[in-house]
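Put the complex together from the two separate chains, hints included.
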Amino acid sequence: MNVPTMADMMAQGKQPEVLFWVGAAGSYDDRAKKISRAFVKILHAANVDFAVLGTEESSSGDAAKRAGNEFLFQMQAFMNIEVLNGYQIKKIVTCDPHSFNTLKNEYPSLGGKYEVFHHTQFIQNLISEGRLEIDNTSLKGKRVTFHDPCYLGRANEVYESPRDLIRRLGVNLTEMKRHKGTALCCGAGGAQMFKDAERGNKEINILRTEDALETKPQIIATGCPYCNTMMTDGIKFKEKESEVVVKDIAELISEANGL
Amino acid sequence: MNYISNVLFGVLLIIGIGFFVNNIQKLFRNIKLGKSINRNDNKLQRFKNMAMIALGQSKMVKRPFSGFLHIIVYIGFVIINIEVLEIVVDGLLGTHRVFQPYLGDAFYGFLIGVFEVLAALVFIAVVLFWLRRNVANIKRFLSKEMTGWPKRDGNLILYFEMVLMSLFIIMNATDTAFQEAGVGNIVSQFVAPFFEGYAPETIHTIERAAWWIHIIGILVFLNYLFYSKHLHILLAFPNTYFGNLKPKGQFPNSEAVSKEVQLVMDPSADPYAIPDESAEEEVSEKFGASDVADLSWVQLLNAYTCTECGRCTSACPASLTGKELSPRSIMMKTRDRLEEVGRNIDQNKGTFKDDGKQLLNDYISPEELWACTSCNACVEECPVSIDPLSIIMDMRKYLVMEQSAAPQELNMMMTNIENNGAPWQYNQQDRLNWAKEA
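These protein sequences, in sequence, are chains A and B. Heads up, the first sequence is in this note's numbering, so the first residue is 187 and it goes up one at a time. Heads up, the second sequence is in this note's numbering, so the first residue is 631 and it goes up one at a time.
These aren't lab readings, by the way, just hints derived from the structure by calculation. It is possible that some hints are incorrect.
To be verified - Reference listing, derived: stretches of chain A covered by chain B, where coverage requires no fewer than 3 residues with Cβ under 8 Å from a Cβ of chain B:
1. 249 to 256
2. 339 to 349
3. 370 to 382
4. 410 to 421
Said to hold, decoys possible - No farther apart than 25 Å at their CA atoms in a straight line, the calculated lysine-lysine pairs in the DSS-like style are these:
5. B:Lys876 to A:Lys366
6. A:Lys299 to B:Lys889
7. B:Lys662 to B:Lys916
8. B:Lys876 to B:Lys678
9. B:Lys876 to A:Lys276
10. A:Lys366 to B:Lys769
11. B:Lys876 to A:Lys277
12. A:Lys299 to B:Lys876
13. B:Lys678 to A:Lys366
14. A:Lys363 to B:Lys689
15. A:Lys328 to A:Lys363
16. A:Lys227 to A:Lys276
C-beta atoms are modelled at their ideal positions from N, C-alpha and C, and glycine is treated no differently.
Okay, chain B solo, but in the shape it has when bound (with noise of 0.2 Å):
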């Protein structure tokens, strides 16, 4: 016998999944570059928004259209990859339709047709997403991050899908013996005809060929994920697992911050005393974020779990009125600038060598920063539970305490508050007489 095939298959299986498992713990060690942040508490509730939210897709459905459409990609992408299972253990083993003799041809042939029927589904719902971005006028898919290697890796998915949906089709309606068989081909019947006029050996060379480019093509894409925003549909379970279950008012408290606070306000603390060793490091601590490495690693986790929807920018105050900030971007920029970090580490060999950038000014600007109401929108609207606006507020927090570079007019409210209690120039004395204004 001929094993060639055999072993070119598993070949090709160990260098796809390799080189998978390898850039995924890239993936990990670039999140892992973020500070600590307890995530571990509550677990039944993480288990329950995991399994709405990621496996539920509760909150893809409340934009209904877009929503259904990808349940139907969703759905079809878990499904289908269950004849994956069986293509591999076919190409392992030289085998044809390895499962079939087991499940019985009757409900061999149900799961196919489940399968192709669901394919061809995927194939018009994946045909409409494309439409609506590059078609329709949404503006969501208009805005200025989503031109250049955005807009394409949107569509490249697109393509990816189509090709493979239509090659399982096609793997399905050149496979003679399950033609003739019946069973199961409830699409792939009515593409089958196309291929009539050829030799026998001529569809069987189709049906390999495109069996062969059919699982190929799913490792490229397995492999495609870690360059692409498509790395949602993995990581958006452990993002939903560890998102933020406090009020979304409830911005962290600095515990850095207490204890100086504290400091200052204890009327017997000696302000020339000797600080000890361990107090030295704690003062020394940066306020806020202006890089990567000071935000959480939930946050970076959020930067790579991001596909770039715009449902955030779509509702985001600032963005509706034409502001410079637009949530979608800063998630993608926090990512973007984590790769060249994670890329710069590679190439030092495992130390990160300082290149003079930094993910503030040369990636977000204080002019989006600025712009943020803190209204929470972008949080709320996240199907995949991201928190755009805790960075937001890390990198003001940096801007104000590392180097006081807030506008102008909030210095003055902030002068006004440690003044006189109140962010306008009003006498504290004053503080009660609305109640005799009456």
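The shape of chain A in the complex, shown without the other chains (with noise of 0.2 Å):
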């Protein structure tokens, strides 16, 4: 798969019209990988000239943030804008709402002021720029419910970016009780991708997936490599995996059109 580095471009004097923030999931969980090299399929599908950093790209900062290490985040912060910055990176797309909150409103007042896109955003403009179309056939009728990230939704208010290109899939998207502003969280944020729960009656992924098998789903739609994580592990544990599958809409859109 090609994936260009700021490094190639810059050997080659160009630069590219944006950068790919891969994020930490993307690079090395094994499920997000997936995520990002179906984003990639749709980038070159839509002869995106992009970029990411490879080995120079290093953690955003936000899970160490939302952790109480603000000294760590901006030690992060402030490397990664020496990087972007020295690229002279203006616009980023990113596959991860936490990067994408982090990199949009965080870093600006750190020094680092760029034009962030979360993919489904990015994804919408290809469509209305006319670069890209959406297969409509393949995933015709299938029931899709999709679950809201907390820092895609509530965070920055996109509701209607991922919603608009599942229903370019042409599939059934039915909302759970708890969508959009009221979306239950999928139990990762705030750093707790990383640590077990505090004691209680319940995960919250296990009571969000029971909201997503509410719908009757045969797809859930997510925006997030973390959500995606949480909601795979309570579709195993409800075991509904023959019935349910958990999918990012670049990973739908790159089935959809045969990438």
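Dropping the structure here:
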């Protein structure tokens, strides 16, 4: 798979139109890597001139900040900003709402000012610019429900971009009782992904999976690698793997278009 | 003429309002214990938010049934208070229905009629609210923070309102002249027959008694606010005005930390340089919050504004799965601690004397703080723009940056970020391997 790095680009004296910020999950987590690859296929299909930082990318610092370590967050942010500004990056796209949020909202006051897109927003733009079309036949009629990632939805009020893409797939989008502003967290945010939950009577991802299962879906669509992990685990716990799949919107589009 | 009742009324009014003003001053003093934060930008948007959220109740109706009942009580409260103006003038001047001749019988009757209908509707709404709190099994009213005083407080407010509305109707029902005129007695005409058997003097005495108890009740209620969650009827307005206008996902970047980080990262910085006086002060700044004075005044205003409705807690993923955390409880504990600090200042002639307590541990446990997913559901839910998440995050900051007291797994995650730029233990050189694995 051809994934150019900024270093390559620089060596060739080129400046890509957008930087793909892969994020730690998209780089290392086996499930999330598939999302990164699906998105790259879409970028190629739409002839987007993009690049990644590759080994020069480092943690955005989001998890450190939510865990209360402002110092580590800012160390990461300053380091990343130095790299990004060094490459004169103007436009960033990412499949991770946590990176999206911190790059878009928390980097500017530290000197990192970029136009930041969540991949669903970016794909939406590709469609409106006529660079990409979504095949609405291969998934036609499938029952799909969408789980709003907190850091895309409530945190940044992006509710329509993912839904617009899902509708374009020709599927039957059914909302959970808690959706958009009232959507329930998958349980991974605020650095919870990296620790066990406090004592309680249930895991949050199980509760959210139950919300999703109420809609009798064939596909649970997500727009966040961490939500994807939590929902996938929830489906396994409920022993519904044979009936329900958890897929990122990028994966659905890439599959529908036969990429 | 006998002026005793006028004087008595004036004295009651002065005591009632004076006491209230005194308490409000204490409230301001306590809120000002918080750190400064600039919330004076974008005034137009702030006024809009106040108009929509507080005045317009836009977020209340997200839950239609309780939202609708609340709007009845809210409109009733605001409009019926116009009548209080007349009651005050009557009380001071010794007049009776002083506005009637000025407004004309028809218009005055219309106004009182509206007040009576609203009073009846408020009464019904308040009874339904009482049933919701005490009979219907609504989870957010049964949480463990809603026992003892908070539960009693919620019910007391409802009783107050029931009594005040009843007195208003009884006062009109026993006003013989008003009943005989028959204009505006839309509701009270159905109550009046209950008093028909009594002598005219007795009815008059009942009318006077209802009138006095009603106005005294209002003054008592006004002063009760300060000791109650009901303070929201006043503070909802400043609280929505000073609310956060930035995206909910944007957490503030600490400037003190920025300075330190820049110093660490600046290759030309001399680590052995003698810091100047002003720099020393900044370095000694405490990170995060362990007590109320470490929070901002907006967070403290939030705490006083909270009316304990529990919409936050009913949407919180941690609360919904039986964790110790409840965002409502975070606000209540912050307020309770602030009140304790305020009383301490009162007792020690204006200065706070260390009581060996703080918000962290004595009120809010680390277990609560670590259960938060920072999902913003509580912030989204709050009908008056309270931000419990900001308090949780500030307290986490204290735990991690001042005490290194993060859960072990999070320490490992942070060590990984420091060492290899990812929360997991992977080599940074492998960061692009995903592209080759297709």
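Now the hints, each set against the structure:
no.	hint	verdict
1	249 to 256	holds (count 8)
2	339 to 349	holds (count 4)
3	370 to 382	holds (count 12)
4	410 to 421	violated (count 0)
5	B:Lys876 to A:Lys366	holds (19 Å)
6	A:Lys299 to B:Lys889	holds (19 Å)
7	B:Lys662 to B:Lys916	holds (18 Å)
8	B:Lys876 to B:Lys678	holds (15 Å)
9	B:Lys876 to A:Lys276	holds (22 Å)
10	A:Lys366 to B:Lys769	holds (23 Å)
11	B:Lys876 to A:Lys277	holds (21 Å)
12	A:Lys299 to B:Lys876	holds (16 Å)
13	B:Lys678 to A:Lys366	holds (23 Å)
14	A:Lys363 to B:Lys689	holds (18 Å)
15	A:Lys328 to A:Lys363	holds (19 Å)
16	A:Lys227 to A:Lys276	holds (22 Å)
Against the hints set out earlier in the document, a violation occurs for number 4 only.
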